[in-house]
Every structure is written in structure tokens, then in C-alpha cells.
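Visitor: Modelling step: build the complete structure from the supplied sequences, incorporating the hints.
All residue numbers for the sequence shown refer to this note's numbering, where the first residue is -16 and numbers rise by one.
Please keep in mind that the hints were generated in silico from the structure rather than gathered at the bench.
Check each hint, because a few of them may be wrong.
[Stated by the list, open to error] Straight-line Cα separation of at most 20 Å, SDA-like style, residue types lysine to any residue; simulated pairs: (1) K12 to C24; (2) K12 to D(-6); (3) K(-15) to C17; (4) K(-15) to K12; (5) K7 to C17; (6) K12 to E0; (7) K(-14) to C17; (8) K7 to L(-3); (9) K12 to E(-8); (10) K12 to I(-12); (11) K12 to P25; (12) K12 to E(-1); (13) K(-14) to L(-3); (14) K3 to L(-10); (15) K7 to L(-10); (16) K33 to Y15; (17) K(-15) to Q8; (18) K7 to I(-12); (19) K12 to L(-3); (20) K(-14) to E0; (21) K12 to I(-13); (22) K(-15) to G1; (23) K7 to N20; (24) K7 to E(-8).
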Amino acid sequence: MKKIIPLEEGDYYLSEEGYKVFTKQYLLKRGYCCESNCRHCPYGFDPRVKRR
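Guide: Okay, structure coming up:
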């Protein structure tokens, strides 16, 4: 089961389209890469690289 991490100031901002965009601060706090090609991913995920 994944742990729910409460959102704090600086964890996200709203894009021009109204979507939540998580910041590097939040993604590091979460502790893992979701492999969704997040804009501020600190884990170096690249969807062009094939994974096993």
C-alpha cells in the first residue's frame, strides 16, 4: 500500500491549463519514480530508454 503524503506549500503549482504540476520538492519527498515522465522528475526517467 502506498503512503499518502500530505501536500504542502511548494509541492505543486497549477499549469496554464489548470493541471497540478508536482515540483522536484514533492517528488523527492514521495521517494520513488512513477515513470509518468513528470516535468520536474529528479530520478532521471527517460521514456525513450527501454526498461526491462
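Visitor: All the hints need checking, so say for each whether the structure fits it.
Guide: These are the hints, each one checked on the structure:
Of the supplied pair hints, the one linking K12 and C24 holds, its CA atoms being roughly 12 Å apart against a limit of 20 Å. For the proposed pair K12 and D(-6), the alpha carbon gap of about 9 Å is at most 20 Å, so the pair holds. For the hint pairing K(-15) with C17, the CA-to-CA distance comes to about 12 Å; that is within 20 Å, so the pair holds. For the given pair, K(-15) sits about 13 Å from K12 by alpha-carbon distance, which is consistent with the 20 Å threshold.
At most 20 Å may separate the alpha-carbon atoms for a hinted pair to count; K7 and C17 meet this at roughly 13 Å. For a cut-off of 20 Å, the pair hint linking K12 to E0 is broken: about 25 Å separates their Cα positions. With a CA separation close to 14 Å, the supplied pair K(-14) and C17 stays within the 20 Å bound. This hinted pair checks out: K7 and L(-3) have alpha carbons roughly 14 Å apart, not beyond 20 Å.
Note on K12 and E(-8): the hinted pairing holds, with a Cα-Cα distance of about 13 Å set against a maximum of 20 Å. For the proposed pair K12 and I(-12), the alpha carbon gap of about 8 Å is at most 20 Å, so the pair holds. Straight-line distance between C-alpha atoms of K12 and P25 comes to about 11 Å, which keeps the hinted pair within the 20 Å bound. For the hint linking K12 to E(-1), the alpha-carbon distance of about 25 Å lies beyond 20 Å, and the restraint is violated.
Pair hint K(-14) plus L(-3) does not hold up; C-alpha atoms about 23 Å apart against a cutoff of 20 Å. Of the supplied pair hints, the one linking K3 and L(-10) holds, its CA atoms being roughly 11 Å apart against a limit of 20 Å. For the hint linking K7 to L(-10), the alpha-carbon distance of about 13 Å falls within 20 Å, and the restraint holds. Taking the CA atoms of K33 and Y15, the gap is about 18 Å. The hint holds against a cut of 20 Å.
With a CA separation close to 18 Å, the supplied pair K(-15) and Q8 stays within the 20 Å bound. A hinted pair counts as satisfied when its Cα atoms are at most 20 Å apart, and K7 with I(-12) qualifies at roughly 14 Å. Among the hinted pairs, K12 with L(-3) is consistent with the structure: their alpha-carbon atoms are about 19 Å apart, no more than 20 Å. The straight-line distance between the Cα atoms of K(-14) and E0 is roughly 28 Å, outside the 20 Å bound, and the hint therefore fails.
Proposed proximity of K12 and I(-13) is supported: the alpha carbons are some 11 Å apart, at most 20 Å. With a C-alpha separation of about 26 Å, the suggested pair K(-15) and G1 falls outside the 20 Å cut-off, and the hint is violated. Between K7 and N20, the direct Cα distance comes to roughly 13 Å. Compliance with the 20 Å bound is thereby established for this hinted pair. Our distance criterion of 20 Å between C-alpha atoms is met by K7 and E(-8), whose separation comes to about 13 Å.
The structure fails to meet hints 6, 12, 13, 20, 22 from the earlier list, while all remaining hints are met.
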